[in-house]
Amino acid sequence: MSLLAVSNLTKRYRRGGNTVIAVDDVSFYIEPGETLALAGPSGSGKSTIARLVLRLIEPDAGRIEFEGNDFLALRGAMLRARRARLQMVFQDPLAAFNPRATVARVLDDPLRIHGIASRAERPRRIAALLERVGLAADLAPRAIHEISGGQRQRVAIARAIATGPSLIVLDEAVSALDVSVRGQILDLLLDLQSQERIAYLFISHDLGVVRALAHRVILLDAGRIAESGDARAVIDAPQSAIGRALVAAAPRLKRTTQDAS
Amino acid sequence: MNPLRRFLRTPEAVAGAILLAALIGMALIAPLLFPGDPQAIAGPALLPPFQDWSLPLGTDRLGRDVQAELFHGARTSLAVGLAAAAAALAIGSVVGTLAGFAGGLVDEVLMRVTDAFQTVPSFLLALAFVSVVGPSLGIVVAAIALGTWTGPARIARAEVLSIRERDYVASARAIGMHPLEIAFREVLPNALPPVLAMSSVIVAAAILTEAALSFLGLGDPNRVTWGGMIAEGRAVLRTAPFLSIVPGIALVLTVLGVYLAGEGIVETTAVRRGLS
Amino acid sequence: MSALASIHDLTVTYRRDGNAVAALRNISLDIVAGERLAVIGESGSGKSTLALAIAGLLPASSAVCGRIEWPGSGRPPLLGRDIGFVFQDPSVSLDPVMTVGKQIAEVARTHLGLTWSQAYAKAKTLLERVRLPDPDSALHAFPHQLSGGQKQRVAIAAAIAAGPKLLIADEATSALDTIVQAEIVALIRRLVAEDGMTLLFISHDIALATELAERIAVFRHGQLIELGTTAQIVSTPSQPYTRALLDAHIGLDAAPLLNRAGLHA
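Protein chains in written order, with the working numbering: chain C, 1 to 261; chain A, 1001 to 1276; chain E, 2001 to 2265.
None of these hints come from the bench; they were simulated from the model.
Keep in mind that the hints are not guaranteed to be accurate.
[Said to hold, decoys possible] Partial selection, computed: residues in chain E whose CB lies under 10 angstroms from chain C:
hint, residue
1, G2044
2, L2146
3, G2148
4, D2177
5, E2183
6, L2187
7, L2191
8, A2193
9, D2195
10, G2196
11, D2205
12, S2238
13, P2240
14, A2244
15, H2249
16, L2252
Don't be surprised by glycine CBs; every beta carbon is placed ideally from N, CA and C.
Work out the full structure, taking the sequences as your base and the hints as a guide.
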């Protein structure tokens, strides 16, 4: 049984008298512990799909099955409780947090909301989470805007794993990071995936990162699936027009002599 | 840099704080410096200021010590002004946040209520309320708040509408936070700065409204207020203008101090983003 | 190989919350006339500060030491006339309440002394040059009616409207998706070649820089780490930081991290 099974997902928007179909009859699945990437140009619907899966917006049609249950049927307190299993990491870690928050509060919130640890236990849990993502425990009292972008994204990941989710949606989670930090965050994500068996829905416009991180990829074009399959197979030999365009447009670093890596 | 140091570095903040401190000081030491009833007769009537150094600001038509009245009047004016402004800001913030965050029918209903209150000029509303219910300090505070809560409500709602779309609100929903907690813990504190920026204007308006109500004889009759003093001085404006001018200057300084300090607080509490 | 601009010992310090933050330290480099020079670096490297310093767009609160000389011209350069600047976010650099045509025409009118009808004609020509579909109706469109890539084309048209000698693109493609980015880069390369402009291209993307530039300058923490031709930088970088930047690039030919971590799909 798939961890996440999405069928015929559709979302329309009304824009100035016209109806724009942002997501058009999209179906896909994610197995436990695997990484499925959604790639495509801007406006292809990948961020919309991420928000639909998280039920931050509601679809116009379609079905979402998560861990064997009808996810769209949940409401109110039941939905909020189920959210512990399905978390998100945003692109801009500065915008993803309350500007007045501290690291401790950001990590305390999910623990408190889902009753994962008692008030006395929480500081220890927070320290453990920070260390799990490679940060020092003394970062807890710092304000979010005081720490670096890479550290902030680690905190975002720590918050996402705090409730023990089986699926994390990452929306351009490394796109805003410095190149030197990107690899470290990807390594962390892979490490977490292998240790905790977390599946990732990884949204990115960067095919290089997709190819490095994902097992499978879906290429989207104007809200529809243009191509899907094994990540390396699709990117190394794209069949669809959008696939070929994306691969051709990706900047290449042509090194005439290869350094042994 | 901690907030206090930042506050002290802003010239407006320091100037405002000094003015307000002086005025609050006046209010606080009034019973010590001028024990007894400020409305008791202290000397000959209509004594001009700076003639008798035991009555440096002179006396009014009934021979009451103007300086004692001024200091005691500070207590009422400041208390009423600050209390009314706090009430208006609190009511306005809550209404605006609920309307902006909930949207839909709740938003419509709350905004129509806000419209209703806003169409009546705030002073007339306060006037009507006090006339009907009767003048006492608490009623005057409530009356002023009734007329001024709509401004903060609209500003809070506008901020909330914008903040609602931000990633950190979506993030809070994604971790399963209850909507009410999101509204009042994540959204409202970040919607406050523009609302607080109005606070100095509202405090000033509240103090002036109280003065106007007292001037019209609708303030608390048992208390000395600057408005009441100006009203009393009206009858002898040509011969003893100082009776109206002195409390008038006090009003101006209070409004100025509140405004400057308010600007300073807004400067200080603005959340700074890093240089990108 | 004459220098268009000669930067000597440039140091720029910003004042923030009473602290002084050095954004650039003792930068000395020459921009050769007609070349395509890329300045790459991570956040905080000072690359954008360099672009702003050359264009004269630094905030008033910044302290500048050192100097920038312009050997070719007798006077300091005028922004718009001698230097064209393309910002990262076209939604912010274009005036939302002015039509696209007027914004471009305004540049031509101000710096070339054209009449309004001449300036509008020039604006239309420029919109054709930047390959905006249907230039006639684009002239009367407002920025919000255009897509991100189209807006950036308009911004480029406005930047080159007065025929500047130097075009500065400050992360001009960072807010665009991959396909549009490639189109804009190709557009910039074509325009620069057609008009004989010098190009200063600021980016955090080293691969993008190697595709566009002849020379690359690597910045880190406000300092110039390395400067060389693209071939030199890519094949034989002399500095460990440059090497690290090259290694950190995750391109389509990189080894998959999944394999590195030794996992099975």
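Consistency of the hints with the structure:
1. Taking 10 angstroms as the C-beta contact cut-off toward chain C, the hint placing E/G2044 at the interface holds, the least distance being around 9 angstroms.
2. The criterion of a C-beta within 10 angstroms of any C-beta in chain C is not met by E/L2146, whose closest approach is roughly 13 angstroms, and the hint is violated.
3. Taking 10 angstroms as the C-beta contact cut-off toward chain C, the hint placing E/G2148 at the interface holds, the least distance being around 7 angstroms.
4. The closest approach between the C-beta of E/D2177 and any C-beta of chain C is roughly 4 angstroms, which is under the 10 angstroms cut-off, so the hint is satisfied.
5. Checking E/E2183 against chain C: minimum C-beta separation of about 8 angstroms stays under 10 angstroms; hint holds.
6. Of the supplied interface hints, the one on E/L2187 is violated, with its beta-carbon coming no nearer than about 13 angstroms to a beta-carbon of chain C, more than 10 angstroms.
7. Evaluation of the E/L2191 hint against chain C yields a violated restraint, the C-beta minimum of about 19 angstroms exceeding 10 angstroms.
8. Against a cut-off of 10 angstroms between C-beta atoms, the interface hint on E/A2193 is violated, since the closest Cβ of chain C lies about 19 angstroms away.
9. Look at E/D2195: its Cβ only gets to about 24 angstroms from chain C, farther than 10 angstroms, so that hint breaks.
10. Because the closest C-beta pair between E/G2196 and chain C is about 25 angstroms apart, greater than 10 angstroms, the hint is violated.
11. The criterion of a C-beta within 10 angstroms of any C-beta in chain C is met by E/D2205, whose closest approach is roughly 6 angstroms, and the hint holds.
12. With its C-beta approaching chain C no nearer than about 14 angstroms, E/S2238 sits outside the 10 angstroms limit, and its interface hint is violated.
13. Contact between E/P2240 and chain C, as hinted, is not supported at the beta carbon level, the nearest pair being about 12 angstroms apart and thus beyond 10 angstroms.
14. At its closest, the beta carbon of E/A2244 sits 6 angstroms from a beta carbon of chain C; the interface hint therefore holds under the 10 angstroms criterion.
15. Hint status for E/H2249 relative to chain C: holds, with the closest Cβ pair at about 5 angstroms, below 10 angstroms.
16. A cut of 10 angstroms between beta carbons decides the hint on E/L2252: the least distance to chain C is about 5 angstroms, and the hint holds.
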